[in-house]
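Given chain A's structure and the hints, the job is docking chain B onto it.
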Amino acid sequence: MSRTSRSGWSTLVLAGGVLLASGSFAQEGANPAGMSPDTPGKEMAKPIPEGSNNQDKLFVRQAALGGRAEVELGKLAQKKATDPAVREFADRMVAAHTQSNEQLLKLGRSLNPDLPKDLDPEHQAIRNELNKAAGQTFDLAYIAAQILDHQRTANLLQWHLSTGQNEALRKYSIQTLPEVMAHLEHAKERYAVLTQGAGSKR
Amino acid sequence: MMQNVAAGSRSLWRARLLAGFVAMGVTAGGGTVADPLPPDATYRPLPTLPLDVVRRNDEGAKPAVQRRQQNLLNERYDLADRPMQGVKMSGGRKGVQDGVRVKLRSGATWESLANMTPEEIKAKDLFPAGFLPLPHVKHLTGGQVFPENQIKAIGDAEDRNLKRFDVDFDLPDHLTPEFPAPIFLSNRPDLGDVSGGKLLTIRNYYAMMVGILTPVQIEGLRLLLTPFPQEEFNQTEDRKVAEQSDGVACLDCHQNFHSNAAFHLTPDVRPQTARFRLDTTSLRGMFNQQIHGSKRSLRSVEDFTEFEQRTAYFNGDHVSATRKGVHLPDRPNQVAMMAQMQNMIDFPPAPKLDPMGRLDPTKASAKELAGEKIFMEKGKCAACHIPQESFLDHQMHDLKLERFYKQGLVFNDQVAMPDGPIKTFTLRGIKDSPPYLHDGRLMTLADTVEFFNLVLGLKLTADEKDSLVAYMLTL
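Protein chains in written order, with the working numbering: chain A, 1 to 202; chain B, 203 to 677.
The hints are simulated quantities; they were obtained by calculation from the structure and are not laboratory data.
These figures come from a predicted structure and were not determined experimentally.
A virtual CB, placed ideally from N, CA and C, is assigned to each residue, including glycine.
Hints are not guaranteed to be accurate.
Claimed, not checked - Below, in silico cross-link-like pairs of lysine-lysine (DSSO-like), each with a Cα-Cα straight-line distance of 30 Å or less: (1) K171(A) with K602(B); (2) K46(A) with K365(B); (3) K57(A) with K264(B); (4) K264(B) with K46(A); (5) K188(A) with K326(B); (6) K171(A) with K75(A); (7) K326(B) with K171(A); (8) K608(B) with K171(A); (9) K57(A) with K608(B); (10) K290(B) with K569(B); (11) K400(B) with K365(B); (12) K296(B) with K188(A); (13) K565(B) with K188(A); (14) K188(A) with K324(B); (15) K608(B) with K75(A); (16) K569(B) with K667(B); (17) K106(A) with K608(B); (18) K324(B) with K667(B); (19) K296(B) with K667(B); (20) K171(A) with K264(B); (21) K569(B) with K582(B); (22) K305(B) with K171(A); (23) K324(B) with K171(A); (24) K608(B) with K188(A); (25) K324(B) with K497(B); (26) K365(B) with K354(B); (27) K188(A) with K132(A).
Stated by the list, open to error - Covered stretches of chain B (chain A as the covering partner; in silico rule of three or more C-beta atoms under 8 Å from a C-beta of chain A): (28) 252 to 261; (29) 264 to 274; (30) 340 to 349; (31) 607 to 613.
Bound-form chain A, shown alone (with noise of 0.2 Å):
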């Protein structure tokens, strides 16, 4: 065996790319030009992992949101599903994003993301049209209000992880992007099978 093959490295990889990894992979791979100018160590060329800049505390922001609007309209499936696969996937979106939020303001709390108290304005409309509907019409609509959802979490994880400083929070973003990603899937294979056509499942 080679001496990499030993390395942390090898574990992330061997372990499906959960990071396990320590030391300060932030500032190896980030661009220090997007750093907030009031990081600690940042003039001794070692910016100290607890530094955070403006994009992570937005991201802590709208993840939250996302993940309470998650939870919430999964619950809202729960009562109100017909179909059983339906169900299922609010099922798994109220357990992965009840876990996943806690999580989220345990690392992102100091930063202070001024979070609202309901859900955002967005979301709020979407589960007024959600209480309204019914039946078939609420699972097919549901679907297809978590698929955007989801494509948007993507978005926002591989964003925070394109620009975001804070070490703590980039490794939840690559322990969950994987996850969303499997969520997205799965909306859409549920979407395909609601609306009997192919949908954008790959």
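Structure of chain B alone, referenced to chain A:
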């Protein structure tokens, strides 16, 4: 009658669905998405720190950045220097690397993989990591990275600095094309290689080419060798080179109209983590290429040449380009001359091929002929790489590689994502063009055979794989 009832209930169902969509449309299509993605998911942000601080931090992180990339490369590939016996690239100055270099996951063999379905390979996480998209050495910054040979040659000839302070080139020299590459002209096939073993630069091109090229071709060549501002090499504080820079020239990557394996990120994808690496493509045989750009499918080399100032130079961000000083070549004059010059670049000679692009049986070996048969039939290669069309089909194809791996895993800040449709590249002179695939993820021709054997489900035997490599060396 029954059918009518069924059709009726279906249309009722459709109407209900439609009503559902309309209801949703009120919320989603009302013109206001409450919180769209931030603008720096698409546009290049302005730096938040002064250049000296950025540079200090980039230089501080550089050893770890290089180590991290080296670890990834060593994890995925055998990078050893093992040239084939008796085979050289077209200029006769560099060997061609032998053998499969992509490493298998523990517990897999190439044969066992070939007998599994994509779903099984995905579920068991057995897809060789070397078949996944290859990250940029510093993916979140991206941009053009030149190999040492190019940096040194341009530094010596032009006193122009192509060395970045944040990253170095990541592949060993023996896995890159011959440098300087030979130049074959389609308008003077009688001459053979006209490079004289030298790198074309803005300082020597005239003396090297006067009397061989026409006036408009020489002017096109001058423009292709003239540095213009680029995202990492420019006069502003948002750059990755120590001094204010005049920029880069087209032929800084396409050295001698071929490639030096300089790499970049695709300009056509956002956000940054989703962008794929781009290995510099050769310009040889441009005259027969009908679509240009791995994603954009531009329909002429003129279009590509004109727009490259927005893409290779500035990542598809015309806003950043405007700030840093974009050069927009004049279409009827400059673009036409640059394009004409590129169209004069021929493939290297392939003496065993007949005028139809097929092997001449009086010149080719039995193994090469066997390889051609696999290429045309069982290997399905010729479905896209059509011999009589310079091994092109002028199409983009989606290999659907994500059938084999879980999406969304992050490797050195790059998200493993489907590549989608990518244009067919020529195989003429292919032994001169390592690394392979649009992002350079495959190091040898033998790797490409294992890749397509798996991706297309070919179940080739060991002998058939060897013959295919032997055949590709004749192209």
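Outcome of the hint check:
Restraint check: the Cα-Cα separation between K171(A) and K602(B) comes to about 28 Å, which is no more than 30 Å; the hinted pair holds. In summary, the hint linking K46(A) to K365(B) is supported, as the alpha carbons are separated by about 23 Å, within the 30 Å threshold. With a C-alpha separation of about 27 Å, the suggested pairing of K57(A) with K264(B) holds against the 30 Å cut-off. Between K264(B) and K46(A) the CA atoms are separated by roughly 12 Å; this keeps the pair inside 30 Å, and the hint holds.
Distance check on the hinted pair: K188(A) and K326(B) sit about 23 Å apart at the alpha-carbon level, within 30 Å; holds. Among the hinted pairs, K171(A) with K75(A) is consistent with the structure: their alpha-carbon atoms are about 28 Å apart, no more than 30 Å. This hinted pair checks out: K326(B) and K171(A) have alpha carbons roughly 24 Å apart, not beyond 30 Å. Distance hint between K608(B) and K171(A) is fulfilled; the C-alpha atoms sit about 18 Å from each other, no more than 30 Å.
Taken as a hint, the K57(A) and K608(B) pair is honoured in the structure, with Cα atoms around 29 Å apart against an allowance of 30 Å. Of the supplied pair hints, the one linking K290(B) and K569(B) holds, its CA atoms being roughly 18 Å apart against a limit of 30 Å. For the proposed pair K400(B) and K365(B), the alpha carbon gap of about 21 Å is at most 30 Å, so the pair holds. Restraint check for K296(B) and K188(A): not satisfied, since their Cα atoms lie roughly 50 Å apart, outside the 30 Å limit.
Restraint check for K565(B) and K188(A): not satisfied, since their Cα atoms lie roughly 54 Å apart, outside the 30 Å limit. A hinted pair counts as satisfied when its Cα atoms are at most 30 Å apart, and K188(A) with K324(B) qualifies at roughly 19 Å. This hinted pair checks out: K608(B) and K75(A) have alpha carbons roughly 28 Å apart, not beyond 30 Å. Between the alpha carbons of K569(B) and K667(B) the distance comes to roughly 11 Å, so the proposed pair stays at or under 30 Å and holds.
At most 30 Å may separate the alpha-carbon atoms for a hinted pair to count; K106(A) and K608(B) meet this at roughly 28 Å. Note on K324(B) and K667(B): the hinted pairing holds, with a Cα-Cα distance of about 24 Å set against a maximum of 30 Å. With a C-alpha separation of about 23 Å, the suggested pairing of K296(B) with K667(B) holds against the 30 Å cut-off. Note on K171(A) and K264(B): the hinted pairing holds, with a Cα-Cα distance of about 21 Å set against a maximum of 30 Å.
Between K569(B) and K582(B) the alpha-carbon distance is near 18 Å, which keeps this suggested pair within the 30 Å criterion. Restraint check for K305(B) and K171(A): satisfied, since their Cα atoms lie roughly 27 Å apart, inside the 30 Å limit. Distance hint between K324(B) and K171(A) is fulfilled; the C-alpha atoms sit about 23 Å from each other, no more than 30 Å. Restraint check for K608(B) and K188(A): satisfied, since their Cα atoms lie roughly 16 Å apart, inside the 30 Å limit.
Proposed proximity of K324(B) and K497(B) is supported: the alpha carbons are some 26 Å apart, at most 30 Å. Distance check on the hinted pair: K365(B) and K354(B) sit about 9 Å apart at the alpha-carbon level, within 30 Å; holds. A distance of roughly 23 Å separates the Cα atoms of K188(A) and K132(A); the hinted pair therefore holds under the 30 Å criterion. Residue count for the segment 252 to 261 of chain B with a Cβ under 8 Å from a Cβ of chain A: 6. That meets the three needed, and the coverage hint holds.
Requiring three or more residues with a Cβ within less than 8 Å of a Cβ of chain A, the coverage given for the segment 264 to 274 of chain B holds, as 6 such residues are present. With 4 residues carrying a beta carbon less than 8 Å from a beta carbon of chain A, the segment 340 to 349 of chain B meets the three-residue requirement, and the given coverage holds. Here's how the segment 607 to 613 of chain B fares: 6 of its residues keep a CB closer than 8 Å to some CB of chain A, so the rule of at least three is met and the hint holds.
Checked against the numbered hints above, the structure violates hints 12 and 13; every other hint is satisfied.
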